[in-house]
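Novice: Sequence:
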Amino acid sequence: MSKQNTVFKDAYNRALGLLENEARLPSEPDLALRLKVSRTTVRSILAQMVDAGLIRWDKREKTVLRAPTLADRFPEHETDSVAEIIERRFMQQILAGGAEPGMQINELELARDIGVGTTPVREFLIRFSRFGLIEKRPNSHWVLKGFTRDFALELTEVREMFELRSAAAFVRLPPDHPAWRDLAAVEAEHAALLRDIDRRYPDFSELDERFHRIVHGASRNRFIIDFYDVIAIVFHYHYQWNKTDAKARNTIAIQEHLLYIAALRSGDPLRVEDACRRHLASARATLLGSLAPVPEPAL
Numbered sequence: 003m004s005k006q007n008t009v010f011k012d013a014y015n016r017a018l019g020l021l022e023n024e025a026r027l028p029s030e031p032d033l034a035l036r037l038k039v040s041r042t043t044v045r046s047i048l049a050q051m052v053d054a055g056l057i058r059w060d061k062r063e064k065t066v067l068r069a070p071t072l073a074d075r076f077p078e079h080e081t082d083s084v085a086e087i088i089e090r091r092f093m094q095q096i097l098a099g100g101a102e103p104g105m106q107i108n109e110l111e112l113a114r115d116i117g118v119g120t121t122p123v124r125e126f127l128i129r130f131s132r133f134g135l136i137e138k139r140p141n142s143h144w145v146l147k148g149f150t151r152d153f154a155l156e157l158t159e160v161r162e163m164f165e166l167r168s169a170a171a172f173v174r175l176p177p178d179h180p181a182w183r184d185l186a187a188v189e190a191e192h193a194a195l196l197r198d199i200d201r202r203y204p205d206f207s208e209l210d211e212r213f214h215r216i217v218h219g220a221s222r223n224r225f226i227i228d229f230y231d232v233i234a235i236v237f238h239y240h241y242q243w244n245k246t247d248a249k250a251r252n253t254i255a256i257q258e259h260l261l262y263i264a265a266l267r268s269g270d271p272l273r274v275e276d277a278c279r280r281h282l283a284s285a286r287a288t289l290l291g292s293l294a295p296v297p298e299p300a301l
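Numbering (this note's numbering), first residue to last: 3 to 301.
For the record, the hints were derived by calculation from the structure and aren't laboratory data.
A couple of the hints might just be wrong.
[Stated by the list, open to error] EDC-like cross-link-like pairs, simulated, lysine to aspartate or glutamate; straight-line CA separation at most 16 Å:
| no. | residue 1 | residue 2 |
| --- | --- | --- |
| 1 | Lys138 | Glu125 |
| 2 | Lys38 | Asp74 |
| 3 | Lys249 | Asp276 |
| 4 | Lys61 | Asp32 |
| 5 | Lys249 | Asp200 |
| 6 | Lys249 | Asp184 |
| 7 | Lys61 | Glu109 |
| 8 | Lys11 | Asp74 |
| 9 | Lys138 | Glu109 |
| 10 | Lys147 | Glu159 |
| 11 | Lys249 | Asp178 |
[Unchecked claim] Here are the in silico distance ranges between beta carbons for each label pair:
| no. | residue 1 | residue 2 | range |
| --- | --- | --- | --- |
| 12 | Asp178 | Arg224 | 36 to 44 Å |
| 13 | Ala49 | Arg114 | 46 to 54 Å |
| 14 | Gln257 | Asn223 | 36 to 44 Å |
| 15 | Arg151 | Arg114 | 21 to 29 Å |
| 16 | Asn223 | Leu72 | 25 to 33 Å |
| 17 | Asp205 | Pro31 | 40 to 48 Å |
| 18 | Ile199 | Ala283 | 52 to 60 Å |
| 19 | Arg222 | Ala186 | 18 to 26 Å |
| 20 | Pro180 | Leu261 | 36 to 44 Å |
| 21 | Pro176 | Val145 | 21 to 29 Å |
| 22 | Ala250 | Glu30 | 35 to 43 Å |
| 23 | Ser40 | Glu137 | 20 to 28 Å |
| 24 | Ala69 | Arg45 | 19 to 27 Å |
As the structure is a prediction and not an experimental result, all values here were calculated from the model.
Glycine included, every Cβ here is placed at the ideal spot set by N, Cα and C.
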């Protein structure tokens, strides 16, 4: 995969947001500063916008011709960082393998499958190993460990603290913050998934992860955002191992998300806290219900 290409696509998507509120785009140096990319990348962005009929570019004049649509954006999976791509592929791999305790994970095979070097894959696995989710074995092998009830309870407690703080921060974001556009996009995807829930209910996990990442991102706290990796793998993937009543559970979760999103839009802190607590309580119950029952002690 091309890191440069990923940077371009991510910056292009962010640049589209500027077209929604401005009749003319600023200078190339200003765009480079706002998008945090090189001037070369800015010129490539402007050229693609011209090709798409979004702007007219005449030397220093960059006139907006039309507002962008969803079709103008690169898909999210094409703008992810290498770390995000590794994380998603790792989660997909353990689910495909049944995610049973003792499952073997080979970092060389994982790196080859994704198309990256072994170093970022190893760094990703080491980070998860700190929480006891996986364990290093000789010869680039790792083993997936089981999740205990105590681990789940500790994780839910931390998650609830972090997400309540993040949700409170979200409603304080300025109206032009990109997070509101991300929220609108994910809201539309929730509604589309709900309309086709009989066929697409397995797609909820990825949407669930993306929604909560948007909320946590509002915290602007590096520790909260980094810790979300662990939350994601446990909440949004582990509970799927028990597929009993998956469609019904996912339907309820989507409806809770839509109420949560409506609360965020309302700007009412009390309404946001209530919606957040209700959804997190359901997520906790789902996670605990997915764990294997503790065997009765032998008499």
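Novice: Each hint needs a verdict: does it hold in this structure or not?
Specialist: Going down the list of hints, with the structure as the test:
1. Lys138 with Glu125: Measuring from Cα to Cα gives roughly 12 Å; hence the hint holds.
2. Lys38 with Asp74: With a Cα-Cα distance of about 21 Å, the restraint between Lys38 and Asp74 is violated, given a limit of 16 Å.
3. Lys249 with Asp276: violated (25 Å)
4. Lys61 with Asp32: holds (15 Å)
5. Lys249 with Asp200: Roughly 7 Å separates the two Cα atoms, so the pair holds.
6. Lys249 with Asp184: Violated. Lys249 to Asp184 sits at ~25 Å, over the 16 Å cutoff.
7. Lys61 with Glu109: violated (49 Å)
8. Lys11 with Asp74: Distance ~11 Å between Lys11 and Asp74 Cα, so the pair holds.
9. Lys138 with Glu109: holds (10 Å)
10. Lys147 with Glu159: violated (21 Å)
11. Lys249 with Asp178: violated (36 Å)
12. Asp178 with Arg224: 36 to 44 Å: violated (23 Å)
13. Ala49 with Arg114: 46 to 54 Å: violated (34 Å)
14. Gln257 with Asn223: 36 to 44 Å: violated (29 Å)
15. Arg151 with Arg114: 21 to 29 Å: violated (36 Å)
16. Asn223 with Leu72: 25 to 33 Å: holds (30 Å)
17. Asp205 with Pro31: 40 to 48 Å: holds (42 Å)
18. Ile199 with Ala283: 52 to 60 Å: With Cβ atoms ~22 Å apart, the hint is violated.
19. Arg222 with Ala186: 18 to 26 Å: Holds: the Cβ-Cβ distance is about 20 Å, inside 18 to 26 Å.
20. Pro180 with Leu261: 36 to 44 Å: Since the Cβ atoms of Pro180 and Leu261 sit about 23 Å apart, the hinted range of 36 to 44 Å is violated.
21. Pro176 with Val145: 21 to 29 Å: violated (46 Å)
22. Ala250 with Glu30: 35 to 43 Å: violated (53 Å)
23. Ser40 with Glu137: 20 to 28 Å: violated (42 Å)
24. Ala69 with Arg45: 19 to 27 Å: At 22 Å between Cβs, range holds.
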